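Put together the whole structure using the sequences plus the hints.
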Amino acid sequence: MAIPSAHARIDDIEKYRERVIAHPWAQDLTRDSARSYLGDLPRRRFPAVAYAEKGDAPLIQPRGGVPTFADQQALTRQLDEAGADFIPLTIDSNTRHNRYDVAAELLARSEEEEKNYLNGYPLIAHGFRLTRDLYRDLDKPVSLRHGTPDARLLAEVALASGIVEIEGGGICYCLPYSEGFPLDRCLLYWQYVDRICALHSTDAAPVHRESFGPLTATMVPPSLVVVVQILEALLAAEQGVTSFAVSFAQTGSPSQDVATAQVLRKLVRHYLDSFGFEAVNTFLVYHQWMGQFPTDRTCAAALITASAQIGGMIGADKIVVKTTDEALGVPTAAINAEAVRNVRYVFDRFRWADQIGSSHVEVEAELIESEARSVIEAIFDLPGELLWESVFRAFQQGVIDIPFSPHIDNANQLITMRDANGSIRIKESGNVPIQQADRKRERELLASREKASGKTFRSLLVDINMMS
Amino acid sequence: MSVARVVIGVIGDDIHVVGNRIIQLALSEAGFEVFNLLTRNRPEHFAQAALEVNADAVFVSSLNGEGEFWCSDFRSHFVALGIPSVLLYVGGNLVVGRRSQEDVARLFAQFGFDRVYHQSADIDGAIADLLEDLSHGHSERARAH
Amino acid sequence: MATRVAIDIGSTVIKVAELGQDGSLVRQEFNDRDFELGIAGQVCAIRERLPADAEVMICSSANGGLRVGIVCLTPLFSGAVFRNQVLLAGANPIYVHDYDQEGGDLRPVDILLLGGGIDCSDAAPFGERLARFRAQNYRYGTLIYAGNKHFAEVVTQSCPGAVVIDNPLSGGLRGRNAVVTHALRDAYLDDLVQKEGVSELQGRISGPIRPSPEVVNRGFHRVVSNRSALKVSGPSILIDIGGATTDLHYTVEIVSEDSPCRPAAGSSVARYVFTDLGIFASRDSTLLQMRTHARTFEFLSHVQKVDLTEIYTLLREGEYDASPELLAYACLFLSLDRFVYGGEEGLPRADFDKVTQVMLTGGGAQALDEDIVAKLVCLFSPKQRNEPEVLIDRRYQIWAEGITWSTNTRAAA
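Residue numbers (the numbering used here), protein chains in the order written: chain A, 1 to 468; chain B, 1 to 145; chain C, 1 to 413.
None of these hints come from the bench; they were simulated from the model.
Just to be clear, a hint being listed does not mean it is correct.
In silico negatives: residues of chain A with every beta carbon more than 12 Å from chain B [to be verified]:
1. 17
2. 26
3. 27
4. 28
5. 309
6. 313
Think about it this way: if two alpha-carbon atoms lie no more than 30 Å apart in a straight line, the pair counts; the simulated DSS-like pairs of lysine-lysine are [stated by the list, open to error]:
7. 440/A <-> 266/A
8. 15/A <-> 375/C
9. 15/C <-> 195/C
10. 375/C <-> 305/C
11. 455/A <-> 427/A
12. 15/A <-> 231/C
Predicted model only: the values in this text are computed from it and were never measured.
Even glycine gets a Cβ: it sits at the ideal position worked out from N, Cα and C.
Here it is as C-alpha cells:
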C-alpha cells in the first residue's frame, strides 16, 4: 500500500545533479546556472503569473520547434506577434532519445545546407547560453514540449535557459513514445525532473510542470486519462512541485469533454488535498484534436474553431492549438500564426458564463469519476512502499492499460469504441479494475452503436479517423 | 478442427502500431487465434513464431516501403524449419516509389507470398481470402517452392 | 534491533558481512574455504560466533551455479524465454539447442530443460521433433519439461524421471509467467543440499539460500533504481568477474533497437553469463580467446606498461603465464566486445553510446585500476563525447544491497 508523501522526495539531489551535469553535453552548465538566471527572469515568464493574470478565456499555445537558432527565433517572434500566450519549444527526436551527438551533427548539416534535418529544436546541442537569447525580450512563458523518457539533462538545460514550463511525466512520456524504455526507470528519472523544478521554485515564481494527457491520442478512455493525470500530479507534488497543469485531448464528443474536464478538476484537487498537498496549484489544459487531422484546409480550420469553442466551454486555463497543415507535415510559422488568430477570434467573441450542464453530461461525469476512483484506489492498494512502485506494478499487471501504446509491456487488453454520441466507451476492460456496474453502464451506452455497425475493428477504424 | 492460428506482426524498423492492433482485433473477431509479434521483426521471427504456435497463416505488415528489402527470401525461412505450407500474406505500403499493383503482387508472389495487399485497407477482403484459402488446405505457393 | 549478517559462500572464500538496517556494510571478513570441514560445518561454525538472535541471510555460488542445458523449438521464442528465465534464476545456460541438433551435447549439465510451443493439441511439427529427440544423447542430472502441455506424456513415458512444470509460453510468446525461474531456484537449493550437505543449515537462517548471481542482479537493480547508497546516473552495466564465470548485468534500455535478440519480458534489468570467461577455472578459455582476438595488441597496450611486444608475442603463442589481474582485464574486454559487437548467441547487442556507468564487482575486479578500466571501456565508444564513468565495487557493496533488498516491485520474470 503506497501513500503519496513527501517521504518519496529525492534526498541527496545536489550530489545527484552533480552527476547528471557532469555529462559533457552539459557544456559549462553548473548547478547554479539556472538559479541565478531565474532570479532575474521577468515574472511574466512564469506560467503561474500568466495564469493569475488571465481573463475568462483560455490562454493560447501553438506548437513549434525547428533546428536552427535563426529559424527558431523567427518562429518565436511570429508566434509572439500573432498573440500566442505561451511560446512553445518543441524538441527534436534525437535529443528526446538522448542522442545528443547525432542531434549536434544534424544541426550542423541543417545550418550548412539550409534544410531541416531535425524535427525540432536540439536544445542540448544549442546549449543554454544561446537559447537564453531566443527569449531576450519576451514577457510570456516558454513551454518545453518533448516526449523524453530520460529528461534529466534536458530539464537542467531548459531551466538554465529560462524555460520554466516543463511538459511530461514518467507515465505520459513513456507509454505513448517508447517501445522498450522501462517504465520504472522513466518514473525515477521524472522524479529528478520534478525535484529540480521544485528546487528552482519560489512562492511567487514557481517552475511549472504540465502532464501530457492525450497519451497515445487514440481512443484512450477519459477515466484512464484522469488516472494518469492524478498520478503524475501526485508524483510531482511528492517532489515539491507547487504549480501543475493536468491536461487532456479533445475526445471527439463535446459532452464527454465537458464531463472529463469536470472530473479531472475535481479529482486532482481531491487527491492532492487528501494527501496533504493543498499548496499545489492546479490548472487545466485542453489539447485540440490530436488524432488524424483532415487534409482539407477548410475542414481543418473548422475543426480548430470547433475545438476552440469546446476549450472555452469547459473553462480550460490553456488550449494547445493545431494548424490547418496538421495532416500535411510541419506547419510554417505563418500557418501557425493563422491558427492562433483563428482561436483568438473565438475567444474574443464568445463568453461561456458557466459550463453547460445537462443530465447527459452528469451521467458521463459520474461514470468517469467512478471508474477513475476505482482504478486509482486499486493502484494505491498495490504492494510497494512508494507511489512510483505501485504505478510500475499497476502497469505490469495491466491495471494501467493504454490503447495503442507501442510499449512492449503494455497489456493491450482494454478495448474501446465510440457510442452513437461519439463518446469513447470501454468495450472490454481487460485487467483495468472497473466496477461491474460501470462496466455494465459502458456496455449499455455502447449498445445502440454496436447494433448498427457489427464488427468492432471496422467501427474502431471509423472511430480513430473520425475527423479526417 | 480447432481454431485456426495466425501470426501477425510488422516487419523491419517500422513502429506503427495502430494498423497492427486493428488487424489483431479483426482476425480475433473473425474467430482466429492471433499471435501478435508487434513491431521490428525479421523474417526469422515470423517463421520461428509460426513453428512455436503451429500457425496456419502469417500476416506480415510493412508501412514504410521496407517490405521489398526484408521479404525477398521469406518463404525459404519456413521451408528451412520444415513448415513449408503455412499461408503467407503481406500487406501495407510494400515498396518505395510508384509501382503498379500487378508488379508488386508479382514481386511478392516470387518471394513466396500467397496473397499481396499493396496499399489496400481491405481487411474484410483479406479475411475472406484467408477463410477461402484455409478451406482448400494449405498454401498453393508452397508447392512451387 | 537484531544484527543482520549476510554470508556468501563462494568456491574459494566465504564472505561474512555485518550489515546496517539500510543494507550498508558495517564490517566484513573473508574466510578461506575449509574443505575438510565442508560448507555446512564451516558456516555453522561462523553462525556460532554470531549473536543468537542475528538475522542471517545466505547466498552461494559454491557449486559454481546450476548448469542448465536447453532444448527448445526455436531460439527466438521458446529458447529465448527459457534462457532469460534461467539467467534470472541465477543459473547458467550452457547451451541452447533445437530438437534436431546433430548428436546432442555431451557437456554435463545439472538440468536439461526441454520444451517449446504453446499449449495446443494439434502441433504436428513439435510432436515430430519430440519423437525424434533422444535424451540419451545428453548428460544431465534432472530433466525438466516446460513445453506444450499436451505432449508432456510423450516425455514422461520416454524419460520416467522427468519433472513436468507449466509452460511459460502463451499468447505473446514472451514468457510473462516466470515458472522456469521459480523451478530453477528450487532446483538450485536441492542441488546445494545434495552436493554440499547443507540441509542442517536451513533451519538456522532467515529465508532460503539463494544463488549469488541472482542476489547481485537484485543489488544492481536496487542501485539503478536509486534506492541504494551507491549512486549511478543513467543506463549502466555491471560486470561481475569471478573464477569460473563472468556475469554481465545491464539496464535494458541500452539494448540496441535493431538487436534481433531481446531481454526478458517485463524486466528492467537483465543478466547474461559468460561461462567461458573467468580468472581461475575458466583461465584457459579466457586466454585462448585473447590469443585469437583481433584487438589483442590494442588491449594489451592499455593494460601492460612494460615488455609489451614480448608479452604480446608470448600471449599469441599461448605461452604467457597471465596474472589474475591481466585475466580480469581480459574478462572485462571480452565481455564488452561481445555485448557491443554481438555474435554471442542469446546476448542482445548493446548501443554502448547510451551507457553512462560501467561498474565492476566480484573477486576478479578487486585488483583492477579505474584508469585502465576506463581506457578499455573507451575502446568501445570511440566517437562518444560521454565517456562512461567507472566504478569498482571494492567492498562488495552491490551484493550487500541485493541480499538486503526486499521489494515487490521487481518484475515477475
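Here is what the structure says about each hint:
Every beta carbon of chain B lies more than 12 Å from that of residue 17/A, the smallest distance being close to 33 Å; the non-interface claim holds. Against chain B, the non-interface label of residue 26/A holds: every CB pair exceeds 12 Å, the least being about 30 Å. For residue 27/A, the condition that its CB be more than 12 Å from all CB atoms of chain B holds, with the nearest at approximately 32 Å. With a least CB separation of 36 Å from chain B, residue 28/A remains clear of the 12 Å interface cut-off, as annotated.
For residue 309/A, the non-interface assignment is confirmed: its Cβ lies about 28 Å from the closest Cβ of chain B, beyond the 12 Å cut-off. With a closest Cβ-Cβ approach of about 29 Å to chain B, residue 313/A is found to remain outside the 12 Å limit, as its non-interface label requires. Of the supplied pair hints, the one linking residue 440/A and residue 266/A holds, its CA atoms being roughly 24 Å apart against a limit of 30 Å. Distance check on the hinted pair: residue 15/A and residue 375/C sit about 25 Å apart at the alpha-carbon level, within 30 Å; holds.
A threshold of 30 Å between alpha carbons decides the hint, and for residue 15/C with residue 195/C the separation of about 20 Å falls inside it, so the pair holds. For the hint linking residue 375/C to residue 305/C, the alpha-carbon distance of about 13 Å falls within 30 Å, and the restraint holds. For a cut-off of 30 Å, the pair hint linking residue 455/A to residue 427/A stands: about 12 Å separates their Cα positions. Straight-line distance between C-alpha atoms of residue 15/A and residue 231/C comes to about 9 Å, which keeps the hinted pair within the 30 Å bound.
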